[in-house]
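Put chain B on the given structure of chain A with help from the hints.
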Amino acid sequence: MALTAGKLELKQESRIAEFVRKALRHRLLMLGFSIIVVLAIVALLGRQLAPYDPNGMDFGARFAPPSFKHFFGTDEFGRDVFSRILYGAAVSFKVAFIAVAISASVGVFVGAVAGFYGSWLDELIMRFMDILFAFPAVLMAITVMAILGRGVGNAMIAIAIVYIPIFARVARGAVLSVRGREYVTAARALGQGNTTIIFKQILPNSLGPIIVQTSLSLAFAILAEAALSFFGLGTQPPDPSWGRMLSEGRSFLRQAWWMGVFPGLAIMVSVMGFNFFGDGLRDLLDPRMKKIQ
Amino acid sequence: MSPSYILRRLGTLLLVLFGVSILSFAIMPLVPGSPARVKLGITATPENVATLERQLGLDRPLTSQYFDWISGIVTRFDFGKSFITDKSITAEVARRLPATLQLAFIALLIGLVIALPAGIIAALRPGSKRDVSAMIFSQIGVSVPDFWMGILLIVFFAEYLQILPSSGFVPMSEGFLPWLRHIILPALTSGLISGAIMTRFVRSAMLEVLNQDYVRTARAKGLNERVVINKHALRNASISIATIVGLQMATLLSSVVVVEIIFAWPGLGSLALNSTLQRDYPMLQASVLLFATAFAVVNLLTDLSYALLDPSVEYA
Numbered sequence: 264m265a266l267t268a269g270k271l272e273l274k275q276e277s278r279i280a281e282f283v284r285k286a287l288r289h290r291l292l293m294l295g296f297s298i299i300v301v302l303a304i305v306a307l308l309g310r311q312l313a314p315y316d317p318n319g320m321d322f323g324a325r326f327a328p329p330s331f332k333h334f335f336g337t338d339e340f341g342r343d344v345f346s347r348i349l350y351g352a353a354v355s356f357k358v359a360f361i362a363v364a365i366s367a368s369v370g371v372f373v374g375a376v377a378g379f380y381g382s383w384l385d386e387l388i389m390r391f392m393d394i395l396f397a398f399p400a401v402l403m404a405i406t407v408m409a410i411l412g413r414g415v416g417n418a419m420i421a422i423a424i425v426y427i428p429i430f431a432r433v434a435r436g437a438v439l440s441v442r443g444r445e446y447v448t449a450a451r452a453l454g455q456g457n458t459t460i461i462f463k464q465i466l467p468n469s470l471g472p473i474i475v476q477t478s479l480s481l482a483f484a485i486l487a488e489a490a491l492s493f494f495g496l497g498t499q500p501p502d503p504s505w506g507r508m509l510s511e512g513r514s515f516l517r518q519a520w521w522m523g524v525f526p527g528l529a530i531m532v533s534v535m536g537f538n539f540f541g542d543g544l545r546d547l548l549d550p551r552m553k554k555i556q
Numbered sequence: 011m012s013p014s015y016i017l018r019r020l021g022t023l024l025l026v027l028f029g030v031s032i033l034s035f036a037i038m039p040l041v042p043g044s045p046a047r048v049k050l051g052i053t054a055t056p057e058n059v060a061t062l063e064r065q066l067g068l069d070r071p072l073t074s075q076y077f078d079w080i081s082g083i084v085t086r087f088d089f090g091k092s093f094i095t096d097k098s099i100t101a102e103v104a105r106r107l108p109a110t111l112q113l114a115f116i117a118l119l120i121g122l123v124i125a126l127p128a129g130i131i132a133a134l135r136p137g138s139k140r141d142v143s144a145m146i147f148s149q150i151g152v153s154v155p156d157f158w159m160g161i162l163l164i165v166f167f168a169e170y171l172q173i174l175p176s177s178g179f180v181p182m183s184e185g186f187l188p189w190l191r192h193i194i195l196p197a198l199t200s201g202l203i204s205g206a207i208m209t210r211f212v213r214s215a216m217l218e219v220l221n222q223d224y225v226r227t228a229r230a231k232g233l234n235e236r237v238v239i240n241k242h243a244l245r246n247a248s249i250s251i252a253t254i255v256g257l258q259m260a261t262l263l264s265s266v267v268v269v270e271i272i273f274a275w276p277g278l279g280s281l282a283l284n285s286t287l288q289r290d291y292p293m294l295q296a297s298v299l300l301f302a303t304a305f306a307v308v309n310l311l312t313d314l315s316y317a318l319l320d321p322s323v324e325y326a
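Chains as they are written, first to last, in this note's numbering: chain A, 264 to 556; chain B, 11 to 326.
So that you can see chain A by itself, here it is in the shape it has in the complex (with noise of 0.2 Å):
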């Protein structure tokens, strides 16, 4: 018995050990992560790698052009673009993670309660989904925020319910084509419950595309949270967000073209990092994607 449990052990530890050498291998996943890495380092010691107060106006400094005082320039108050940008990371990262995090659990709790049980459970759950996934992402969230007010707690919240109805698509999705194997009906042989079967046979086994969608999720809640401060409804004045830069740089591109060209930049490169993991996740964890793609 101990040496079957012992086998068991290595069969995983080389399967993860081949899964990281084949990441390794994968050019995109791996720019992708590196981005990723860089990002969530600013977001964490973007306060500490500031050069400048991201809120500390200087008036004698205002519009300065890029130079080695200021990066990335500064702002009609004089507050200096590229320490306020470092301070965005950490909003964008929050908002994306804790947003993605509440409807990747709601999303594949409800996705995965479907495709287990079917019949008319499934029906009712995948008809609400239908209906959720019927209100255009932007519109969706700005109509939460229109109940909810505006705010970055509210503008998270909104994020989430967006993306509730693909995670539960997919996981969904997922669990079905795993349910009729072998392990399950063994699983329920053995005499385990419902929810175990769920919970330790099912989902360890269909999370391959959830782990893509996440990944894919982060970079479209990165944009939805530029876009919702972009429009005032997200994170507010005078704390500093790559979409609230963005349209407070609107007005002053003529003379400060800086203020509108750095934070979108910002958002580009974050959303091509989260994009370029989940391609390259998607290419190792799903090969029949591989090859249309």
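Keep in mind the hints are simulated off the structure, nothing from the lab. Since no wrong hints were added, every one of them can be taken at face value.
Derived SDA-like pairs: lysine to any residue, alpha-carbon spacing no greater than 20 Å straight-line:
id	chain 1	residue 1	chain 2	residue 2
1	B	139	A	291
2	B	49	A	411
3	B	49	A	410
If you anchor each label on the Cβ, the simulated ranges turn out as follows:
id	chain 1	residue 1	chain 2	residue 2	range
4	A	281	B	16	43 to 49 Å
5	B	107	A	340	39 to 45 Å
6	A	281	B	189	56 to 62 Å
7	A	283	B	224	38 to 44 Å
8	B	87	A	314	56 to 62 Å
9	A	380	B	146	43 to 49 Å
Short derived list, chain A residues pointing at chain B, Cβ under 10 Å:
id	residue
10	390
11	393
12	394
13	396
14	400
15	402
16	486
17	509
18	516
19	527
20	533
21	534
22	535
All C-beta atoms, glycine included, are put in the ideal place defined by N, C-alpha and C.
Using the frame of chain A, we list chain B on its own:
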């Protein structure tokens, strides 16, 4: 495609639309505090608020409020009155709808003009420089926020070159050229991004078809490559491409919301955001309902067109 499949899909659409109408209606009851208080302002007395609630019918049960609201829309296309202007919402929606439709259509056209050649050329030589360039363009397009793209286009074309207006809408009745000058930048913003997304899908669809046995057979027969591509590959890939176009139309509706706001385009998207910022809930209800209905109908048409175009798939 059997009639029962179409009926079943129509039934699902009606169910979704019913749910969409309930959620759109729910915006007003879900808002914290009384909508009448929102309309009258914080200085209003409780008596004034109660009077307005009675006038607006907000003191009645929610079910009867919902049935009045939805029956007004279904039977008379009447969405009620705006909280802010007190004018008919239907008239406002009718005034703005053509602007949104024109923008979405031209943006889709631009997207297709980019995606079809780029996707096909990329698929013909996978791994070539052209393929890599197309994929880099696609990755950038997917990652660029549409509102940033809009700002960059305004800075370059409207402020630096000063050859196109930065905002506003001119109806076609006032001349084709002024209309075109105003629609180019907003349509290009949405079109470039949807073109980038579609390039990827067109490439995948073509690659899948080019790997099929019948294409290999056509080549083995010695057919000209142009004939192989146009007659055998492209015709079969068009099924997937039609689906992509349908799905993209739905995504475009979402992008249009953002683009309309950037370019002060007087459509339904900017109406939704302005209604949110001004707390004009009946107007928001109407724009949300219309967008979601359009989204659901486009999704259904995409499903049906797929079933219609692909005879190899059975839809019972």
